[in-house]
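Peer 1: Residue strings, one per chain:
Protein chains: 2
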Amino acid sequence: MKGVILAAGKGSRISMRGKPKPLIPFLGLPLIERNIANLVSCGIRDFIVVVGYRADEVKSYVESLAEKYGINIQVIVNNEWDKENGWSVLKAEGQVQEPFVLIMSDHVYESEILESFLHRVERQPDGVILAVDYKTKAPGHIDLDDVTKVFTEDGKIKNIGKDIDKYNGFDTGLFFCSPVIFEAIRESSREGDTSLSGGIRQLAKEGKAQAFDIGDGIWYDVDTEEMFKKAEKYFLKKYNEPKQKINLDGPISRLLNRKISLLISRRLVYSEVTPMQVSVFSFILSVLAGLVFFLKGYVPLLLGGILAQISSVIDGVDGEIARMKNMRSEFGGWFDSVLDRYSDAFVLFGLAYHSTFYHNSFMCWLAGFLAIIGSFVNSYSADKYDGYLKKRLREGKKRVYFRVGRDLRVFIVFLGALANFPFTTLAALAALTNVENVRRIVVVMKGGKV
Amino acid sequence: MKGVILAAGKGSRISMRGKPKPLIPFLGLPLIERNIANLVSCGIRDFIVVVGYRADEVKSYVESLAEKYGINIQVIVNNEWDKENGWSVLKAEGQVQEPFVLIMSDHVYESEILESFLHRVERQPDGVILAVDYKTKAPGHIDLDDVTKVFTEDGKIKNIGKDIDKYNGFDTGLFFCSPVIFEAIRESSREGDTSLSGGIRQLAKEGKAQAFDIGDGIWYDVDTEEMFKKAEKYFLKKYNEPKQKINLDGPISRLLNRKISLLISRRLVYSEVTPMQVSVFSFILSVLAGLVFFLKGYVPLLLGGILAQISSVIDGVDGEIARMKNMRSEFGGWFDSVLDRYSDAFVLFGLAYHSTFYHNSFMCWLAGFLAIIGSFVNSYSADKYDGYLKKRLREGKKRVYFRVGRDLRVFIVFLGALANFPFTTLAALAALTNVENVRRIVVVMKGGKV
Numbered sequence: 012m013k014g015v016i017l018a019a020g021k022g023s024r025i026s027m028r029g030k031p032k033p034l035i036p037f038l039g040l041p042l043i044e045r046n047i048a049n050l051v052s053c054g055i056r057d058f059i060v061v062v063g064y065r066a067d068e069v070k071s072y073v074e075s076l077a078e079k080y081g082i083n084i085q086v087i088v089n090n091e092w093d094k095e096n097g098w099s100v101l102k103a104e105g106q107v108q109e110p111f112v113l114i115m116s117d118h119v120y121e122s123e124i125l126e127s128f129l130h131r132v133e134r135q136p137d138g139v140i141l142a143v144d145y146k147t148k149a150p151g152h153i154d155l156d157d158v159t160k161v162f163t164e165d166g167k168i169k170n171i172g173k174d175i176d177k178y179n180g181f182d183t184g185l186f187f188c189s190p191v192i193f194e195a196i197r198e199s200s201r202e203g204d205t206s207l208s209g210g211i212r213q214l215a216k217e218g219k220a221q222a223f224d225i226g227d228g229i230w231y232d233v234d235t236e237e238m239f240k241k242a243e244k245y246f247l248k249k250y251n252e253p254k255q256k257i258n259l260d261g262p263i264s265r266l267l268n269r270k271i272s273l274l275i276s277r278r279l280v281y282s283e284v285t286p287m288q289v290s291v292f293s294f295i296l297s298v299l300a301g302l303v304f305f306l307k308g309y310v311p312l313l314l315g316g317i318l319a320q321i322s323s324v325i326d327g328v329d330g331e332i333a334r335m336k337n338m339r340s341e342f343g344g345w346f347d348s349v350l351d352r353y354s355d356a357f358v359l360f361g362l363a364y365h366s367t368f369y370h371n372s373f374m375c376w377l378a379g380f381l382a383i384i385g386s387f388v389n390s391y392s393a394d395k396y397d398g399y400l401k402k403r404l405r406e407g408k409k410r411v412y413f414r415v416g417r418d419l420r421v422f423i424v425f426l427g428a429l430a431n432f433p434f435t436t437l438a439a440l441a442a443l444t445n446v447e448n449v450r451r452i453v454v455v456m457k458g459g460k461v
Numbered sequence: 012m013k014g015v016i017l018a019a020g021k022g023s024r025i026s027m028r029g030k031p032k033p034l035i036p037f038l039g040l041p042l043i044e045r046n047i048a049n050l051v052s053c054g055i056r057d058f059i060v061v062v063g064y065r066a067d068e069v070k071s072y073v074e075s076l077a078e079k080y081g082i083n084i085q086v087i088v089n090n091e092w093d094k095e096n097g098w099s100v101l102k103a104e105g106q107v108q109e110p111f112v113l114i115m116s117d118h119v120y121e122s123e124i125l126e127s128f129l130h131r132v133e134r135q136p137d138g139v140i141l142a143v144d145y146k147t148k149a150p151g152h153i154d155l156d157d158v159t160k161v162f163t164e165d166g167k168i169k170n171i172g173k174d175i176d177k178y179n180g181f182d183t184g185l186f187f188c189s190p191v192i193f194e195a196i197r198e199s200s201r202e203g204d205t206s207l208s209g210g211i212r213q214l215a216k217e218g219k220a221q222a223f224d225i226g227d228g229i230w231y232d233v234d235t236e237e238m239f240k241k242a243e244k245y246f247l248k249k250y251n252e253p254k255q256k257i258n259l260d261g262p263i264s265r266l267l268n269r270k271i272s273l274l275i276s277r278r279l280v281y282s283e284v285t286p287m288q289v290s291v292f293s294f295i296l297s298v299l300a301g302l303v304f305f306l307k308g309y310v311p312l313l314l315g316g317i318l319a320q321i322s323s324v325i326d327g328v329d330g331e332i333a334r335m336k337n338m339r340s341e342f343g344g345w346f347d348s349v350l351d352r353y354s355d356a357f358v359l360f361g362l363a364y365h366s367t368f369y370h371n372s373f374m375c376w377l378a379g380f381l382a383i384i385g386s387f388v389n390s391y392s393a394d395k396y397d398g399y400l401k402k403r404l405r406e407g408k409k410r411v412y413f414r415v416g417r418d419l420r421v422f423i424v425f426l427g428a429l430a431n432f433p434f435t436t437l438a439a440l441a442a443l444t445n446v447e448n449v450r451r452i453v454v455v456m457k458g459g460k461v
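Sequence lines, in order, name chains A and B.
Residue numbering for the first sequence follows the working numbering, starting at 12 and increasing by one per position.
Residue numbering for the second sequence follows the working numbering, starting at 12 and increasing by one per position.
Just chain A, with the same shape it has in the complex:
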């Protein structure tokens, strides 16, 4: 199935960002690219993009996506982009003989909306279907003055338009169309309305326009700065909340680190900085922390603790940016976690050295060694253990879940440095991490085979 994307309009209400609307980066990814990436995830490989306003810029960017995503993209220029959007749809007519998905380049959808919509239309590809948002009672994500309303009955569209009085849903700009749509738009055009809505209205009269309920899915038409900011805030949270409602972030991560890292990510996502660069930067901060610990005195100790904690916060940013920019890779996650292990070790070795200024050195090395091995096995055993816990949480057998992870370990280093107790901190970490490892083994053993 082909995907047709309308990207011809000027978007004058948001043009202050200096780019044609489809190319405005939303959380680091141009609006049109985000939609294409989402459709690619749903299995669409062939795209037709209708451009118009600043056609050359949009065209050249869109064409560059073909290689990036390994897809086919055909760009069609609509010189009448300042007219109604039905003209853009008609431009695609020669290129589609089969039913296709039609989407607005400047809308942002939760990927679940696209997935469920495509799942639906693939099972029963017939006629014209519009994805309808029935959440008219909680339209916080909707610009009521600008949105196209629809009135449906028994899953059929009865009326559609920006100014209809009686409506029970909103047009989300996501359509499944068989080629009958072209004739319908022409029919409507003869009556003076060459909009896509006009075409749908024609089909509605004949009982040929169906509605698909997007349920509680959220989407935004980011047509104004205000809606853009709202959408940004919503998706920033959305992209970084755990899937399946099971949060394996540790307590410090949830209460502190994640909040700060999201603030950083929100800004950094619009820069050229890559997730891998962030991973390396966080690693360097930890190495510095370890080195600063080699100096005697409270100031270096405190400074090292602060550096370690900053490194821990920034350690969340790489993943956040990767998720928002659709740049997640298995290698990136692996690389980050390998660096994290070295970071942990350098910080703890530095702390062990620092402790020898004040205590019996063998005891310091022993505590440092036990803290390192404990922390390491903490991480090493985490994959399997987390998998086990997720299963338990999903089965509802366990509700409360306390996780000794990197966020907590580094925070303890920070607190210990602040309190000027280097050796006690090491000893506490050695005890905490190794007891936790034994506890994990016991829990998993008791719970039966993982």
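Don't read these hints as lab results, they were simulated from the structure.
Incorrect hints may appear among the rest.
[Unchecked claim] Using 30 Å as the maximum straight-line C-alpha spacing, the simulated BS3-like pairs for lysine-lysine come out as follows:
1) B:401 x A:402
2) A:244 x A:173
3) B:401 x A:401
4) A:79 x B:401
5) B:457 x B:401
6) A:395 x B:401
7) A:401 x B:402
8) B:13 x B:79
9) B:167 x B:219
10) A:79 x A:21
11) B:402 x A:395
12) B:395 x A:395
13) A:395 x B:79
14) B:402 x A:402
15) B:79 x A:402
16) A:249 x B:395
17) B:79 x A:457
18) A:21 x A:241
19) B:395 x A:79
20) A:79 x B:457
21) A:395 x B:167
22) A:401 x B:79
23) B:457 x A:395
24) A:402 x B:395
[Stated by the list, open to error] A partial selection of chain A residues facing chain B, derived with a Cβ cut-off under 7 Å:
25) 352
26) 360
27) 376
A virtual CB, placed ideally from N, CA and C, is assigned to each residue, including glycine.
Start from chain A and add chain B according to the hints.
Peer 2: What follows is chain B alone, placed relative to chain A:
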């Protein structure tokens, strides 16, 4: 589909082991249990077992398997167990209305034979099919005096019997039968032959007996001590060679450790020792090695090195026993690998302490620390890295494969202790493991996303 297992015979030629033949442990698992476990893996959940000789013993053991494997087992007693085996088949008649799989309890099959056979019969469940071994030119796994021969043409059985002159294959004792087999055996019985072969011969006459080619699959009828030993040797190797012909054992493991551990496992598999007990024992040896290193002098150093190497060899035994006894579990593997990380750390920490007897202590701790973290990250990065390499090996993009793993690291400790160079050993390990970690990152990064 039900599985019918013939377990009534006396097996007089191998009875010296003191147990009824189906209960003779083969690599730690009674013959009949191994067959049941293999069929369970292929999806069979309902079994009918025909017992006879020492019926009570066999019955009570077989019934205990129902709970262990979560399956249904019905035991039928054939008091005429000293007659031909067709009588045992006939005893099952009342219990099977549908086609079923029929198997001899005292044969040992490579699981691939059962898998491909069941895959075949599930696609086209029709008539009577015998799994035939066509390897008549290399019958090292066959007792030619005792085996039942078959002659087939175009996939149809033409003749079958122990003493036929013209044959091109062997009866493997694995059948797929529709209930017509019962009438066929009775028919044959009227002519004086109440064996299963007799029934097949009847069906062959009518063109109703098909042959399934087991290809290069290996099976044994362990009817004599000699065949039992042969089979044991073959499967000992088989169970412990890597799947998919890709061996990720390190060089020391391949050339030394695996050879010794298999000798140990071959004996230990017949004892009550569990894989987890072996894991713990190996761990204790490593802890002892670490402790012995705390004593000054060459003798403790050497002793520690030897203990560490023995621990490394025994570390292979748990997995081997688990595979042979069908006791593999995700928890077991996880538990073993967590203990291995502690083992590594204790040995290296001990070695670092030992080095301080002779060298600047900070340098010793630093080398020890780097060796520990390097070894850790070696193991930590191994899963992903191995997955990547397996892919490359499968694609044929890479042939030679050198793996820095635990086997090599411990062996270096052993050699270093033998040569009385504790500090140099640590420094070498620190360099080797950390360079290897960087190399892995570079290799994976170059090879594209994993």
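Peer 1: Hint by hint, note whether the structure agrees.
Peer 2: Results for each hint:
1. This hinted pair checks out: residue 401 (chain B) and residue 402 (chain A) have alpha carbons roughly 28 Å apart, not beyond 30 Å.
2. Distance check on the hinted pair: residue 244 (chain A) and residue 173 (chain A) sit about 26 Å apart at the alpha-carbon level, within 30 Å; holds.
3. Simply put, residue 401 (chain B) and residue 401 (chain A) have alpha-carbon atoms about 28 Å apart, close enough for the 30 Å limit, and the pair holds.
4. For a cut-off of 30 Å, the pair hint linking residue 79 (chain A) to residue 401 (chain B) stands: about 27 Å separates their Cα positions.
5. A C-alpha spacing of about 16 Å is found between residue 457 (chain B) and residue 401 (chain B), which places the hinted pair at or below 30 Å, so the restraint holds.
6. As the CA atoms of residue 395 (chain A) and residue 401 (chain B) are separated by approximately 21 Å, the hinted pair is consistent with the 30 Å bound.
7. In summary, the hint linking residue 401 (chain A) to residue 402 (chain B) is supported, as the alpha carbons are separated by about 28 Å, within the 30 Å threshold.
8. Of the pairs offered as hints, the one joining residue 13 (chain B) and residue 79 (chain B) holds, with about 18 Å between alpha carbons and a cut-off of 30 Å not exceeded.
9. At most 30 Å may separate the alpha-carbon atoms for a hinted pair to count; residue 167 (chain B) and residue 219 (chain B) meet this at roughly 8 Å.
10. Between residue 79 (chain A) and residue 21 (chain A) the alpha-carbon distance is near 26 Å, which keeps this suggested pair within the 30 Å criterion.
11. Restraint check for residue 402 (chain B) and residue 395 (chain A): the C-alpha separation of about 22 Å stays at or below 30 Å, so the hint holds.
12. Only pairs whose Cα atoms come within 30 Å are accepted, and residue 395 (chain B) paired with residue 395 (chain A) is accepted, the gap being roughly 14 Å.
13. Restraint check for residue 395 (chain A) and residue 79 (chain B): the C-alpha separation of about 25 Å stays at or below 30 Å, so the hint holds.
14. For the given pair, residue 402 (chain B) sits about 29 Å from residue 402 (chain A) by alpha-carbon distance, which is consistent with the 30 Å threshold.
15. The suggested pairing of residue 79 (chain B) with residue 402 (chain A) holds, with an alpha-carbon distance near 23 Å, which does not exceed 30 Å.
16. For the proposed pair residue 249 (chain A) and residue 395 (chain B), the alpha carbon gap of about 28 Å is at most 30 Å, so the pair holds.
17. In summary, the hint linking residue 79 (chain B) to residue 457 (chain A) is supported, as the alpha carbons are separated by about 18 Å, within the 30 Å threshold.
18. Between the alpha carbons of residue 21 (chain A) and residue 241 (chain A) the distance comes to roughly 21 Å, so the proposed pair stays at or under 30 Å and holds.
19. A C-alpha spacing of about 25 Å is found between residue 395 (chain B) and residue 79 (chain A), which places the hinted pair at or below 30 Å, so the restraint holds.
20. For the hint linking residue 79 (chain A) to residue 457 (chain B), the alpha-carbon distance of about 18 Å falls within 30 Å, and the restraint holds.
21. At roughly 50 Å between alpha-carbon atoms, residue 395 (chain A) and residue 167 (chain B) are farther apart than 30 Å, so this suggested pair is violated.
22. Of the supplied pair hints, the one linking residue 401 (chain A) and residue 79 (chain B) holds, its CA atoms being roughly 26 Å apart against a limit of 30 Å.
23. In summary, the hint linking residue 457 (chain B) to residue 395 (chain A) is supported, as the alpha carbons are separated by about 28 Å, within the 30 Å threshold.
24. Between the alpha carbons of residue 402 (chain A) and residue 395 (chain B) the distance comes to roughly 22 Å, so the proposed pair stays at or under 30 Å and holds.
25. Satisfaction of the interface hint for residue 352 (chain A) is found here, the shortest Cβ-Cβ separation to chain B being roughly 5 Å, below the 7 Å cut-off.
26. The beta carbon of residue 360 (chain A) is positioned within 7 Å of a beta carbon in chain B (closest approach about 5 Å), and the interface hint is therefore held.
27. Of the supplied interface hints, the one on residue 376 (chain A) holds, with its beta-carbon coming within about 5 Å of a beta-carbon of chain B, less than 7 Å.
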